[in-house]
Amino acid sequence: MTHEIWKRTAAAIAVVLAAGILLSMGCENTPRDKLNDGKRALADGDLVEAEQRLEAALEADPDLLEARRLLATTYIEDEQFEAAERELEELWDDQGFDREGELGADERQTRQLMSEQFSQLYQNWAKSVDPGDDPEQFEAIAQAGLERNSRDSTLNTMLVEFYEDWADRHVERSDKVQAAEMLERIDELHRFPDTRRESRKRAKQLRREAFEPEAVERFETELLPELEEMGAWNGDDEVISMTIGQPPDGRLDPEDEQAVEQARNTAAQTLVPTLSQYAVVMARVDSDEVETTAVQLPQLTVEDEEFGPGSYEMTVAMPLTELVDMAFALSEYERTDAADQPYQNADEEPLVAGDKIPLDTSPIDNDD
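Residue numbers for the sequence shown follow this note's numbering, beginning at 1 and rising by one.
These are computed hints drawn from the structure, not numbers from a lab.
Please read these numbers as outputs of a predicted model, since none were measured by experiment.
All C-beta atoms, glycine included, are put in the ideal place defined by N, C-alpha and C.
There's no promise every hint is true.
The calculated lysine-lysine pairs, modelled on DSBU-like cross-linking and capped at a C-alpha distance of 30 Å, are [to be verified]:
id	residue 1	residue 2
1	K201	K127
2	K176	K127
3	K176	K204
4	K39	K127
If you anchor each label on the Cβ, the simulated ranges turn out as follows [said to hold, decoys possible]:
id	residue 1	residue 2	range
5	T195	E222	56 to 64 Å
6	R191	R251	54 to 62 Å
7	P254	R191	28 to 36 Å
8	D46	V177	50 to 58 Å
9	R191	S115	17 to 25 Å
10	E238	Q205	37 to 45 Å
11	D106	R191	44 to 52 Å
12	E172	S115	37 to 45 Å
13	R191	E89	22 to 30 Å
14	V177	E136	46 to 54 Å
15	S150	T270	47 to 55 Å
16	E229	E313	15 to 23 Å
17	A105	D61	19 to 27 Å
18	K127	T221	33 to 41 Å
Make a model of the complete structure from these sequences and hints.
Structure representation (structure tokens):
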């Protein structure tokens, strides 16, 4: 009897153990189950649980693409930005999304999702950095995002505001050149044309303001003594006055306005080499490297003129600020290495030798 009971008990235990083994085998989570657990944890905002579940899914199946992508999202949400960047870049390379040729529908969808992840990564990463405390890191992160998507409107806007803010800071520190460099970086961004245009305009003005004191100092040191000796300098108005004569074409009629205009411009052309050399000195550029015949001269004011048979003479005046503008144009030409660009002081077409020089025949108002 006792033996029979023992046999029945042993059989029951065996059945229970077998059922337990079968039950445990049936309840073991598959990689896909672990992925779904990670999804739920991520949706619930439990980043620690999500990371653990997704890593477990990948440990069971390293090729589970969706788990890798969601793990990167978990890193982004948890501000583990470097880990997220590394995971996304490795996954992108593994999938060959930079390859040429057609991608399948599933591949295109995954690539689009990952592109959005990259944008979210760099946007969140940049927002986590105080651009006032660590400007270099902020700029590097934002620029890295634009390398992935140059048209990311959020990153472009963040960088515009960043460059404008730092330009203002440099202006406050009296470093206008550095401020201009900041504003010039906006030109490389995908923003509205008006934004880029205004930034270029302001940058040019800042460079002009920074350039003027040095140019005036060189003028006073290297050019002014000779001009004073020639009687060509009006210190009260800071105007250079020069008298030039040029035998006109004998066929020109001094009474004809068109003939007078032609005589003026012919005479004014003789100033091109002199004024160009003045500008070269003030700009401190290599005279052998600049083409002075392509210089756009500033407007010259005609103070006096005499036009008779066989002779023409006029006195012209040019404010020092105009000569500074001319020198600044040369300086900018050399700085930007714009070998194929003419020297320009404004938004007008450049003047080349032989063109009409802008002349103002109205008298200078010395009462200002």
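Exercise for the section: Please test the hint of 28 to 36 Å on the beta carbon pair from P254 and R191. Expected result: At 56 Å between Cβs, range violated.
Exercise for the section: Compare the distance between the alpha carbons of K39 and K127 with 30 Å, and conclude whether the hinted pair is satisfied. Expected result: holds (26 Å)
Handout entry: Supplied distance hint 37 to 45 Å, evaluated on CB atoms of E172 and S115
Key = holds (39 Å)
Problem - Status of the given 19 to 27 Å range, CB of D61 versus CB of A105 - result: holds (23 Å)
Exercise for the section: Can you let me know if the beta-carbon spacing of R191 and R251 is within 54 to 62 Å? Expected result: The hinted range 54 to 62 Å holds for R191 and R251, with Cβ atoms some 57 Å apart.
Practice task
Using the beta carbons of D106 and R191, state whether their distance is inside 44 to 52 Å or not.
Solution key: violated (35 Å)
Problem - Satisfaction of hint between K204 and K176, Cα-Cα up to 30 Å - result: holds (10 Å)
Practice task
Kindly confirm whether 37 to 45 Å is satisfied by the beta carbon distance between E238 and Q205.
Solution key: violated (20 Å)
Problem - E89 and R191 - C-beta distance against the hinted 22 to 30 Å - result: holds (27 Å)
Problem - Hinted pair K176 and K127, Cα distance within 30 Å - result: holds (27 Å)
Handout entry: Distance restraint evaluation - S150, T270, Cβ atoms, bounds 47 to 55 Å
Key = Given about 51 Å between the Cβ atoms, the range holds.
Practice task
Could you check the hint for me, namely that E229 and E313 are 15 to 23 Å apart, CB to CB?
Solution key: holds (21 Å)
In summary, the structure is inconsistent with hints 5, 7, 10, 11, 14, 18 from the numbered list given earlier, while agreeing with the others.
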